[in-house]
Amino acid sequence: KAGVTQTPRYLIKTRGQQVTLSCSPISGHRSVSWYQQTPGQGLQFLFEYFSETQRNKGNFPGRFSGRQFSNSRSEMNVSTLELGDSALYLCASSLALAGELFFGEGSRLTVL
Amino acid sequence: GIQVEQSPPDLILQEGANSTLRCNFSDSVNNLQWFHQNPWGQLINLFYIPSGTKQNGRLSATTVATERYSLLYISSSQTTDSGVYFCAVLIQGGSEKLVFGKGTKLTVNP
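Line order of the protein sequences matches chains A and B.
Numbering of the first sequence is given in our numbering, commencing with residue 1 and proceeding in unit increments.
Numbering of the second sequence is given in our numbering, commencing with residue 1 and proceeding in unit increments.
Chain A with its partners taken away, still in its complex shape:
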């Protein structure tokens, strides 16, 4: 059974650009959540989707957005990139709400 797949794995952008990250959950999992990891702030919750609906959103500016498709795949978008957006972005899926989470390998974003 394939795990959580995130693409791209690495990317470099410049300030002001936008970026879209993709996450394919484990087959059958309907809940997808996103986390940002930085050395200074640690692991922080971005948002969570279940059955194409955003259920929760973390304390991030509106430049961070996401969506989930009918096949449970999810994308997150960051617009008007800032240097501080450089981070490892991790996606997790679970079979049900409040269930065990499984993480992908992450997308490492560098903003120059």
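Don't read these hints as lab results, they were simulated from the structure.
C-beta: ideal position from N, C-alpha, C; glycine also.
Errors might be hidden in some of the hints.
Over the 12 angstroms line for every Cβ pair with chain A, so calculated as not near, a few chain B residues [unchecked claim]:
(1) PRO8
(2) SER26
(3) TYR69
Label-pair distances were calculated between CB atoms; the ranges are [said to hold, decoys possible]:
(4) A/GLY84 with B/ASP10: 21 to 29 angstroms
(5) B/TRP40 with A/THR20: 20 to 28 angstroms
(6) A/ASN56 with B/SER7: 27 to 35 angstroms
Facing chain A, according to a computed beta carbon distance under 10 angstroms, are these residues of chain B, among others [said to hold, decoys possible]:
(7) GLY41
(8) ASN45
(9) LEU98
(10) GLY103
On the provided structure of chain A, position chain B as indicated by the hints.
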């Protein structure tokens, strides 16, 4: 919001030694997970343990939900155990998000 504290922040061991990592949390939780972050950044599931005790090889974990703490035991440590160990909790009656501790960085020397 809920606070998750892990101790110690750093731990250096010789290969073969045993260790105990601790996770304290400030509120009731629906679930608790332990992860090991590999050098490439992926969070590897170790235990899903909202309460009770589980064992998996040289690793075991115990969560005492009523006292709001969890322990991760690593026995006969190996160099491959090195990395950062995170505890994460899902808060009860609230949003479905994991709140992570700051992690314990474990270094196992040969």
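The hints, checked one at a time:
{"no.": "1", "hint": "PRO8", "in the structure": "holds, 16 angstroms"}
{"no.": "2", "hint": "SER26", "in the structure": "holds, 16 angstroms"}
{"no.": "3", "hint": "TYR69", "in the structure": "holds, 19 angstroms"}
{"no.": "4", "hint": "A/GLY84 with B/ASP10: 21 to 29 angstroms", "in the structure": "holds, 26 angstroms"}
{"no.": "5", "hint": "B/TRP40 with A/THR20: 20 to 28 angstroms", "in the structure": "holds, 22 angstroms"}
{"no.": "6", "hint": "A/ASN56 with B/SER7: 27 to 35 angstroms", "in the structure": "holds, 28 angstroms"}
{"no.": "7", "hint": "GLY41", "in the structure": "holds, 5 angstroms"}
{"no.": "8", "hint": "ASN45", "in the structure": "holds, 6 angstroms"}
{"no.": "9", "hint": "LEU98", "in the structure": "holds, 6 angstroms"}
{"no.": "10", "hint": "GLY103", "in the structure": "holds, 7 angstroms"}
Against the hints set out earlier in the document, no violation occurs for any number.
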